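Dock chain B against chain A, hints included.
There are 2 protein chains.
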Amino acid sequence: MAGHNVTIENTIKALTDGRKYSTIKDILVTMNGADIAAVFEEISKDKIPLLFRLLPKKLAAETFVEMSTDLQELLIQGFSNAELREVIEELYVDDVADLIDEMPANVVKRILDHADPEMRRDINEILKYPENSAGSIMTTEYISLKPNMTIDEALRRIRETAVDKETVYTCYVTENRKLIGVVTLKEILLVKDDNTRISDIMNPNVISVHTTDEREEVAKQLSKYNFIAMPVIDNEGMLVGIITFDDAMDVIEKETTEDIEKMAAILPSEKGYLQSKAIDIYKQRIPWLLLLMVSATFTGMIISMFEAALAAQVVLTAFIPMLMDTGGNAGSQASVTVIRALSLGNVSFRDLPKVIWKEFRAAILSGLSLAAVCFFKILLIDRLFLGNKDVTLLVSAVVCATLAVTVIAAKIIGGTLPMLAEKLGFDPAVMSSPFITTIIDAISLLVYFGFASLLLFR
Amino acid sequence: MAGHNVTIENTIKALTDGRKYSTIKDILVTMNGADIAAVFEEISKDKIPLLFRLLPKKLAAETFVEMSTDLQELLIQGFSNAELREVIEELYVDDVADLIDEMPANVVKRILDHADPEMRRDINEILKYPENSAGSIMTTEYISLKPNMTIDEALRRIRETAVDKETVYTCYVTENRKLIGVVTLKEILLVKDDNTRISDIMNPNVISVHTTDEREEVAKQLSKYNFIAMPVIDNEGMLVGIITFDDAMDVIEKETTEDIEKMAAILPSEKGYLQSKAIDIYKQRIPWLLLLMVSATFTGMIISMFEAALAAQVVLTAFIPMLMDTGGNAGSQASVTVIRALSLGNVSFRDLPKVIWKEFRAAILSGLSLAAVCFFKILLIDRLFLGNKDVTLLVSAVVCATLAVTVIAAKIIGGTLPMLAEKLGFDPAVMSSPFITTIIDAISLLVYFGFASLLLFR
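Here the protein sequences line up with chains A and B, keeping their order. The first sequence maps to residues 1 to 458 in this note's numbering. The second sequence maps to residues 1 to 458 in this note's numbering.
The following block holds chain A by itself, in its conformation from the complex (with noise of 0.2 angstroms):
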C-alpha cells in the first residue's frame, strides 16, 4: 500500500522539513484563512510560529481567528509584544473578545496591554454582557450615518472609516446615538440625485435586538429576515453593536448541535469531537446514563411485580424488547419531531390542541397497521416458520393490543412533553428519546400486564 497522498497539508510539510519558507509562502498567499487554520492544525506545534511569521499581516489575522483555542495560545505565548500589538490590531473587536473569553488569565492580561485604548473599552463593553446574550457576541466596529447626509456625504464617510468596519454594507443611521434609521450600501448606490439625504431613504421601522437577548434568538431572527446584520441596542435604545451574518451563522451551528446532543442525553460542550478528552466525553454522558438507568428501577418493579404470572407464561418476556422498543422509536419519532420545530419557531405552546390532535391522528394509523403486521409476523414467522407452540393466538392477540396502545400513548406523550417543557421554562430538547423511552417502557409494560392479566392470567 506505498501510494502517494499528495494533500496540501503533506506538502507544506515535506516544504517545511525541507525549509523551503519562501516556497511555503508563494502557496499560504493564495489560501483562505480557514484553509491555513485548517493545515495548521495537521502540522506539528514548533514549526507553527515559523510558519504563522510567513504570513501577510492581513491573511495572518484571518487565520488566527479560524485557529483553534491551544494554537491561539501557544501563538500568543511564542509573540514578541510587537507581534501580538499588530495581530489584536487586525482583528475585529468581537474576536478579540472571543479569545479573552477563551485564553488563560496571563495570556489574557497580555493582550488587554497590547490593545490601544479605543479597542479595550469596547472589549470592555462586550465582556460585561452575560454569556450567550446578544451583547457578548456583538462587534462595536459598524458604519454609523447622520440623518442630515447627503449621499456623497454618506459615501465619503463609508470610504473613509470602512477599513475598520466588520460590515460596510448596512449603515446605521443615528442621532444622538439613538439608533433612527438603517439604510443598505445597495440603496445609497442605486441614488441617482445627489440632493437627496440619508433621512429621505432610509427604513425608519428598525428591526434590532436587545443587548440581554439570547444569541440563539438573534441568530434566528438574523436568518428570517436576511439580514447581513442584526443592530443590537440597549436598555435606552442606543446602538451598541451589530452581530454579522458569519457570527449568527456559527451561533446556529453551536446552538443545534447543542439541541442535538441533548437529545441524545448528553451534556453540551463547546469542544468538537477530536479536541475533547476522552475523560471530557465521559463526563458529558455519564449524567444522564445514570439517571436514566436508575430510574429504569420503575420498569424493574413492574416487572417483578407479574413475576409470577410471567414465570407460568415465559412466553411474554420474548414480546418485552419488541414492544419496548417499538413504543420508545414511536414516542422519539413525535418527540424529535415537535422539539425541531419549536426549536425553528414553526410550532408554539398555543398550538399544542393542533399538536395532540395531529399526532392522535397519526398514532392511530401506526398503532394499527403496526399491530396487524405484527399479528401477522407472529403467526407466519413465530409460529409456523419458527414452531413455537407457546406462542397461541391469545398470546398475539395480548402482544399487538399492547403493541396499539403503547404506540398511541407513546406519540401523543412525545409530542406533548416537549412542548409543556418549553411552557415551563425548561428546554424541549431534554424531553427526547432517552428520557421518553423510559416512560414508555413503563406505560408498555403496565399495558402489557393488564391485558395479560384480562385474557392470560386468569
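Just so you know, the hints here were simulated from the structure itself, not pulled from any lab data. It cannot be assumed that every hint is accurate.
One copy or two, either will do: identical chains are not told apart, so a pair holds if it fits within one copy or between any two.
[Stated by the list, open to error] With a straight-line Cα cutoff of 25 angstroms, these simulated DSS-like cross-link-like pairs (lysine-lysine) come out: (1) K47 / K57; (2) K224 / K146; (3) K57 / K192; (4) K192 / K58; (5) K224 / K25; (6) K271 / K220; (7) K57 / K109; (8) K220 / K128.
All of these numbers come straight from a predicted model, not from anything done at the bench.
Showing chain B alone in chain A's frame:
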C-alpha cells in the same frame, strides 16, 4: 378567561372586518415581508388577495417569497396577467425557479408565459440542474466586472446594474465569461488612487463551487469562508451564477432538520410540521417503525432460546429493560456525537482509529462507573428497600457485568457504524439511535444470558 389578546394578527383581522384598508396599509408598510407573510398565514384565505394588493410593489414581492406554497398558489390563481407580470418582475430569478418547482403545471405555464424572455432563459438555466445541486439553488443575478476596468468604471457599472442584482457586495471578475477573480465592494471603496484597475485589487485565487455540487456541501463551504455569496461555475470554468448567504442559511436549516429526522428514524419531508397532514406524518414514520419492529424478532428469538433458564430464574427478567435501555442510550450518545461531527466536517473516515480509541476509553470509564453504581443500587433499593430476596449477590454480579460489557460494546459500535456508513456511501444519520438500539438489544441479551449461564444456570 375573557382577556385581551392584542397581537398584530388580531389587530389586522379586526381592521379587515371593519374594512379599514387605509389603516391596514399604514401598518403593513412599516413591516418586513417575513412578518407580513406570517400574519397572512393566520388570516382567512378570502381576505388575502385584497390585503396583498395594498402592498407597494417591492414589499409585495418580499412578502410573496416568504409565504407558504399554498398561499402563493392562491394569490397567483387570483392575479390578473398584469399583476402576475409585476410580481414576477420584482422577484429574483432563483425565487421564481423555486416557485416553479412547487406549483402545479397550469400555474407554471402562466408564470413562464408572463416572465420576460431574459428571465425565462435564466429560469430554464437553473431548472436544468438536478434537485439539491448548487445549480438548482443559484441565481444568475450577480455583478460581473472586467479586469481592466478602473475603480470609477467599476463603481459606475455597479450603480447602473445594482437594482436587479441579488447582491452587489461581492463582485466577480470575468474574461470571456471565465471566472478569473473576485473583489468585494468594500475593497473597491477603500481604493484611494483613481488609476487603480480591478485586476490590481482582485483576488485571483477564487474559491468557487461547481453546478453539480451538493447544495449542502456548498452551504457548508460558504459558512466556513464567511462569504456573502459563493460563485458557481460550470465544466468549462464559466461563471453561471452565485449562491447568497441567506439561501445557504436556509439550506443548512433544511439539511439539519433532515439529519435530525433521520436520526429519529423518520423519513425526511420538505413540509413543516403544522403544514403536514396526519397521513403524511404517518407515511414519514411508519416504514422505520415496521422495519425495526420486525427486526426485534431477533431479540425475541434470543429470549426464547433461554426460556427454560429464565423460567427458573424469573428475577433476571426484571433487569432486561434496564440493560437494554442503558445500552441503547450509551450507543446513541456515541453515534449521535459522531454523526454530528461527520456532518460538520470535524471528523472523517481517516480518523476512525482515533474515534475508536477515544470511544473505547470513554466506554471503559462509563461501563465501570455504571456497573459500580448499579451494584450498590441493586443492593440498596432492590434487596434492602424493596426486600426482593431473589436478587442474590450472584444475580447482581451477572447484571452489573452485563451492563459494563454492553455499554463498552455500545459505545464502540455506536461510534464506528456511522463512519463505516459514510465510507460506504450511505447517510451516516441513519446509523443512529433506533438502528443502533436494535443491535445493542441483541448484544446485551446475548451477554446477559452468557454471564447467567456461566454463573447461575448450572
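Comparing the hints with the structure gives:
With identical chains, the CA atoms of K47 and K57 are at most 25 angstroms apart within one copy only, with a shortest distance of 19 angstroms there and 59 angstroms across copies. Taking the shortest Cα distances, K224 and K146 never come within 25 angstroms of each other, neither inside one copy (28 angstroms) nor across copies (34 angstroms). Taking the shortest alpha-carbon separations for K57 and K192, only the inter-copy value of 20 angstroms comes in at or below 25 angstroms, while the best intra-copy value is 38 angstroms. When the C-alpha separation of K192 and K58 is checked against a cutoff of 25 angstroms, the pair qualifies only between copies, where the shortest distance is 18 angstroms, while the shortest distance within a copy is 35 angstroms.
With identical chains, the CA atoms of K224 and K25 are at most 25 angstroms apart between copies only, with a shortest distance of 22 angstroms across copies and 41 angstroms within one. For a Cα distance limit of 25 angstroms, the shortest separation of K271 from K220 qualifies both inside one copy, at 22 angstroms, and across copies, at 19 angstroms. Proximity of K57 and K109 under a CA criterion of 25 angstroms is satisfied intra-copy only: 23 angstroms inside one chain copy versus 55 angstroms between copies. Taking CA atoms no more than 25 angstroms apart as the test, K220 paired with K128 passes inside one copy only; the shortest distance there is 23 angstroms, against 32 angstroms between copies.
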